[in-house]
Amino acid sequence: MHRLDRLFEKSSRSLAQRTSRRGFLGLLGQALTGSLLLPLLPIDRVHRTAAAATPQPAGAAAAGGATKPGHGAAIDDPHSCEYWKYCAIDGFLCSCCGGSSHSCPPGTAMSPITWIGTCHHPGDGRDYLVSYNDCCGKTSCGNCECNRNEREKPLYRLSRNNDVNWCMANSDSNYHCSVSVILGLAEQ
Amino acid sequence: MRSYQSRAAWLALLACGCATAAEPLQPEQFTVETLPPRSPHWVYIVDDAFSNEIDARVRLFDGDSYRHLGQIDAGFSPGVTLSPDGTTAAVVTTYFARGGHGARTDVVEFTATATLELSAEIVLPPKHAQAPPSYFNLAYSSDGRFLYVAYITPAMSFGVLDPVNRKVLGEIDTAGCALVIASGGNRVSSLCDSGRLLTVTLDDQGLEASRALSDVFFDADRDPVFVQGVPTDTGYAFLSFLGQVHEVDFSGPQPVIHPPWSLLSPAEQGHWRPGGAQVAAIHRRLGRLYVPMHRGGEGSHKAGGTEIWVFDLGTHRRIARWPLKPLRFGPAIAVQVSQDAAPVLFAAAENAEVAVFDALTGRLRHVEKHLGETPWFFMNP
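Taken in sequence, the protein lines are chains X and C.
Mind the numbering: the first sequence is residues 18 to 205 in this note's numbering, read in order.
Mind the numbering: the second sequence is residues 4 to 384 in this note's numbering, read in order.
Relax, there's no trap hidden among the hints.
Label pairs and their calculated CB-CB ranges:
id, chain 1, residue 1, chain 2, residue 2, range
1, X, Asp93, C, Asp146, 56 to 62 Å
2, C, Gln74, X, His96, 32 to 38 Å
3, X, Ala91, C, Leu121, 42 to 48 Å
4, X, Asp93, C, Glu36, 52 to 58 Å
5, X, Pro139, C, Thr118, 54 to 60 Å
6, X, Gly142, C, Asn55, 36 to 42 Å
7, X, Pro139, C, Asp206, 56 to 62 Å
8, C, Tyr98, X, Arg143, 40 to 46 Å
9, X, Ala91, C, Pro269, 35 to 41 Å
10, C, Arg298, X, His96, 26 to 32 Å
11, C, Ala106, X, Arg143, 42 to 48 Å
12, X, Arg143, C, Gln74, 48 to 54 Å
Note that these hints are calculated values from the structure, not bench results.
Glycine included, C-beta positions come from ideal geometry on N, C-alpha and C.
Could you put the whole structure together from the sequences, leaning on the hints where they help?
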């Protein structure tokens, strides 16, 4: 498992370095990352019911979590917990800690393992697959704590859980902050 | 006017004279306090110190005197449990060699509850589940012979320890099922994504003797159960996101799952939900279940309760609703109830206030401001 993770981490990092984030190939690579990571996670599939988690339309989300989805500018502000991409993030926003919504602060390390969510972008009306990664190796940033949990699941469904420390497999496993990286469009 | 001035002058003289005539303060003796005898109204509060996560701690608080009695250090993302006889608190945690960074050491540390002094430790493989506190991150067998540690790397397994001889005995793979629900002298159950319980039975050496899966009792897609099980007389009650109560009897060789019942009337379904970090508490002898409830929907399962609902476990009927807003407290994200005949109910709020209620009437007795930073889990002594 570890060897597979490391191999995949190496190949996906190398892909990220060789491609433009804005380019189509970059987007495709990220989407592949998300879809390939999911089957790697050690979740119990033997007896799992056939129905996969059915994402609800984000418009149907009622009062949610410690911070409710808001309206207006906050939905487009990566420094706000109400930013659309943060629909299931639980931790400190890296955008308030020297990073951005999809990059780690200087001197920290990206977590190679992660969990995947689906967020609705009100700007274009589409649902996106996002990967929630932690940034690791320094102690808690402490800024902009954000706790939203749309479609989040308990620890036994680890691939959809935001409670566990996703820095756990890093050589320096202290948790610093969290990002939300667009992987691609969610299946309709 | 003159009479007033003269009276004031006399009073000032008198006060001055008294002060000089009083005995000087005695030298003090610098000592270490000892704990009074254990009270059922004490509570251990696990504070994850989330903004400074390497410095979690367990605070011992008295629900009668409202005093902070002492502290156990708890490192990074700890799990905490008490030995069956209550004499030892065990904390599984991670320390980094250079404070916020450096080599990771996972360890179980043992503290004598009578003195709050560290008494022993067992160093572990660096695998302990760095997840919010529950009864199932770390758990003793009923006879205290084994201690089980939940591992997530992210592969899921658990460690079997010998707390008496301070040894790691082994590791048992749980095939994607999470956490350690200890029962009897040699059984460990874990919650599975499939909605089942995996139960591993150990032999005398702490090695796996057999394993079995229960029937499906919840649907992780439609209505998952919280992992924060609540102790009952014979096992644990698991609440679901939508307000179902699944009581599981762990007293026999395999768990027996009772038919679920709902916290909600048909009119309340879809509107009210349980939620938070410690989602319910049970007074076992009185058969009362206390649940912080909120109006919510998809994704609100970590929201605290704006009311505490009280249920009779025998009849499944709600017997009280205690709104918190009129008390200027809450929402409540964690609850615990003492197990004595005059019980107190503890509730923690997101702003780190801890309220103490009379658990029979709901009368608010006290609100302690800023009891740590993130009090997420209470344990009875």
